[in-house]
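Peer 1: Below are the chains, spelled out letter by letter.
There are 2 protein chains.
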Amino acid sequence: MDDDRDIILYLGDPICYNTELYAKLEKEFIILRPSKKERERDEFIKALKEKRWCEFSAILRPFCDSGWEMGKWNTALIHLLPDRCSAFASAGSGNEGIDLKVMKMQGIEYYNGAAAASEATGDMAIFHIIPVFRNMQWSIEGALSIDPNRWKDAHRNAARTAYNPSGKALGIIGLGQVGSTIARKAFGCFGMKIYYHDIKRKRKNEEEALKVEFCERLEGMLEIVDCVVVATPVLPTPIITKATLWRFKKGSRLVNIAHGSSVDEEALVGALETGHLSAAGLDVQEKEPYVHPKLAVMRNVTLTSHTAEGTIDTEIAFETLAMENIRQHFLAPSDFQSLCQKYPMRH
Amino acid sequence: MDDDRDIILYLGDPICYNTELYAKLEKEFIILRPSKKERERDEFIKALKEKRWCEFSAILRPFCDSGWEMGKWNTALIHLLPDRCSAFASAGSGNEGIDLKVMKMQGIEYYNGAAAASEATGDMAIFHIIPVFRNMQWSIEGALSIDPNRWKDAHRNAARTAYNPSGKALGIIGLGQVGSTIARKAFGCFGMKIYYHDIKRKRKNEEEALKVEFCERLEGMLEIVDCVVVATPVLPTPIITKATLWRFKKGSRLVNIAHGSSVDEEALVGALETGHLSAAGLDVQEKEPYVHPKLAVMRNVTLTSHTAEGTIDTEIAFETLAMENIRQHFLAPSDFQSLCQKYPMRH
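Residue numbers (my numbering), protein chains in the order written: chain A, 1 to 347; chain B, 1001 to 1347.
These aren't lab readings, by the way, just hints derived from the structure by calculation. Don't take every hint at face value.
Pairs of lysine to aspartate or glutamate, EDC-like flavour, derived with a Cα cap of 16 Å [said to hold, decoys possible]:
id	chain 1	residue 1	chain 2	residue 2
1	B	Lys1152	B	Glu1141
2	B	Lys1204	B	Glu1223
3	A	Lys72	A	Glu50
4	A	Lys202	A	Glu216
5	B	Lys1027	B	Asp1003
6	B	Lys1294	A	Glu216
7	A	Lys72	A	Glu28
8	B	Lys1024	B	Asp1006
9	A	Lys152	B	Glu1223
10	A	Lys287	B	Asp1147
11	A	Lys24	A	Asp6
12	A	Lys36	A	Glu69
13	B	Lys1152	A	Glu286
14	A	Lys294	B	Asp1147
15	B	Lys1152	A	Glu288
16	B	Lys1294	B	Glu1266
17	B	Lys1287	A	Asp6
18	B	Lys1250	B	Glu1286
19	B	Lys1287	B	Glu1273
20	B	Lys1242	B	Glu1223
21	B	Lys1152	A	Asp3
22	B	Lys1200	B	Glu1213
23	A	Lys200	A	Glu216
24	A	Lys152	B	Glu1288
25	B	Lys1249	B	Glu1219
26	A	Lys27	A	Asp65
27	A	Lys27	A	Asp2
28	B	Lys1072	B	Glu1043
29	A	Lys152	B	Glu1286
30	A	Lys294	A	Glu266
Okay, the calculated bits of chain A under chain B, using three or more residues with CB under 8 Å as the criterion [to be verified]:
id	region
31	182 to 194
32	296 to 307
Just so you know, these numbers come straight off a predicted model, no measurement behind them. Positions of the beta carbon are idealized from the N, C-alpha and C atoms, including for glycine.
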């Protein structure tokens, strides 16, 4: 066979927005696209064993809602990949369902899509930061009730315990792509004083550019900020527990746009009931799609249905970024600089 | 009488936050505070005729919810003011209830509190801009329903018609204190491209600082922007009517944080029902405290109970600004520069 182009294993539905770039990719690579049935775990494993897709060099999964039919990428799957395979570019902002350690040992670079989703997720954080300071849920309920007395109650009284985020202190747990975007937006919109805690400290020039201050100890940060935002990857155990909630400054607030499992909701309900926390805003919940019924009736709690990443712009950016990550990995295209500006890489 | 200090007629409840500045004011001026009963229109007019409060030089009204018992400041009231009276400093971001023309003819400078409320009102605009692009009301309702199927429906489908405000075009009608704050926040948070229409064009350097582009014709602006924000003072007739809605770009959005009377809601309902507009966010409603029942059940409409200005920080800033405006008017204090930075004057 004369064709020496690398082979890409394409998982999921066909590209639907950036078809121009896909046409380019089709010229640069040989793209093999398993059917939905072939992507089911048993069949997928069988096909890998049979080397049905030859010695492919990369895996491309440009959408969040298709291409994951084979389930968890653990040793059982990863060890069946061809030796030649060196890149896996996937939509989604996290690394869920991927054993990164095994992936790395196998010599495969995993590119996630965090950069594509950070704008939308950052906006969701801003959307929740406003109500936790402003009693917005009370104001919304007053209007939606179409009861003039409830409207008047909200109009008159919601303000009496409401504050401007402006000038207050924000604490971000996890300053990755999403956390950094939240910092930039919260400063640009409210001029908040921003602290962060992370297992890895940013470089000094990055901290200066983002106008953020590092807190080595999580507890130290919780004690001084007016609002905590959780923006971490999936963690093995909740980071917001009865013990950590106790360290929050009295009357402060919690926003979670990361993962429902990061917050012990029973403990959160308790902290809200005693008034130790004054409000919470949660895009994600612990037992999705089930919402804690006590949280749902609290007027100082704003809830959304895990839609932080969910925009058409994110979808477009996911597919573009996934394709460009593969191109950059193999071809290091000359437009790499402009790509980095648009979607900063995870490195 | 030896005391040659100017007299201030103080309308409303006692200062409750910035008592230190008030103590200063009490040394610099003689402050007379009519009782609530004396502030009722008939009694107030009688007292003015009797010159009960001597030849006062200024009127101070530091709160929105007290001090306006006498009703509209029209010719009937203004003509009774002492010749010596040259300043009226009031809370509230608008000039409602004040005949500014008559005030000016009488040689009285009217200072409103827009600078004190613009931060909170700007945040309310940001709070409504996110949902009109993002289908946030759908996401909220899914979670609040505590019905896992409605949650899943929102989680999966809200994204499919949702966009990031980032990079989209925003059109602001009225670029006063509040409009300018919205521009600054929308650029800082979303990097939106911002256009504005106003009866008065800003200076070139102001436009550059705010990164806004002037549209001489309102219709011209409506045709090109993805979201229109109304931030005008009270107008004699609605600015958003069936005729203007028709000029909106198809699928664009409306946010109103100014005055309910600025929008013809029946026409808005029509534009939403036909899909000509894709969403609306309204902090103010046409027939407050009554909410249009059709708007209340639309999933692409976000409503709040006219709480845009409503925060404790606004209250604090209202009273501080009202007092400082009086001080600056009479004393031109040396800390005027720092005051201007904190609360830019309306001039």
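Peer 1: Provide an ascending list of the numbers of those earlier hints which the structure does not satisfy.
Peer 2: The structure breaks hints 2, 3, 6, 7, 9, 17, 18, 19, 21, 26; every other hint is satisfied.
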